[in-house]
Amino acid sequence: MIWSRLSLLRPLFQTRREARDVGRRWSQAARANSDLQLDLIRFGGLLSGQAVELRDGIPELAPIDPLRLAYEAGRRDLATQLLALMGLSYPEMNRLMENEDE
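Going by the numbering used here, the sequence shown wraps up at 110, each residue one higher than the last.
Source of the hints: derived by calculation from the structure; they are not laboratory data. Some clues are possibly wrong.
[To be verified] Derived Cβ-Cβ restraints for the label pairs, each shown as a range: (1) G95 to P71: 34 to 42 Å; (2) P19 to E100: 16 to 24 Å; (3) D47 to A70: 19 to 27 Å; (4) L75 to R24: 33 to 41 Å; (5) A37 to R84: 14 to 22 Å; (6) Q36 to L69: 36 to 44 Å; (7) E61 to R25: 42 to 50 Å; (8) R83 to S42: 15 to 23 Å; (9) E26 to Q58: 31 to 39 Å; (10) E26 to D73: 29 to 37 Å; (11) Q36 to L104: 12 to 20 Å; (12) P71 to D47: 24 to 32 Å; (13) R76 to A27: 25 to 33 Å; (14) R33 to E80: 23 to 31 Å.
Positions of the beta carbon are idealized from the N, C-alpha and C atoms, including for glycine.
Turn these sequences into a full structure, and let the hints guide you.
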């Protein structure tokens with residue numbers, strides 16, 4: 009995935025001033041509490057794998073459900089847009105998602 013904050017945020021705002029004001033607000037929130045970014049990554053499902061179901065105790069990929077796919081895509085889009093408003097860069101996002109135990 010190519011992380012481009014500008015391309016993610018451009019369609020959301022009619023004016024640059026509006027974009028600047030909202031961006032400042034979310035950047036301040038991220039600076040005040042850095043765990044917000046981790047929460048958005050987790051709750052937005054950015055690290056989620058494909059859904060699985062157990063059949064006879066064996067995990068198999070769940071059948072494709074268009075409603076579930078649309079719901080999950082919406083969650084990921086919102087989380088990605090909020091992270092972009094917070095000013096999170098692609099390298100920072102990778103760093104946040106690394107396993108701290110390694």
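Open item on the list: Going through the numbered hints above, which ones does this structure break? Give me the numbers in ascending order.
Closed with: Of the numbered hints, all hold.
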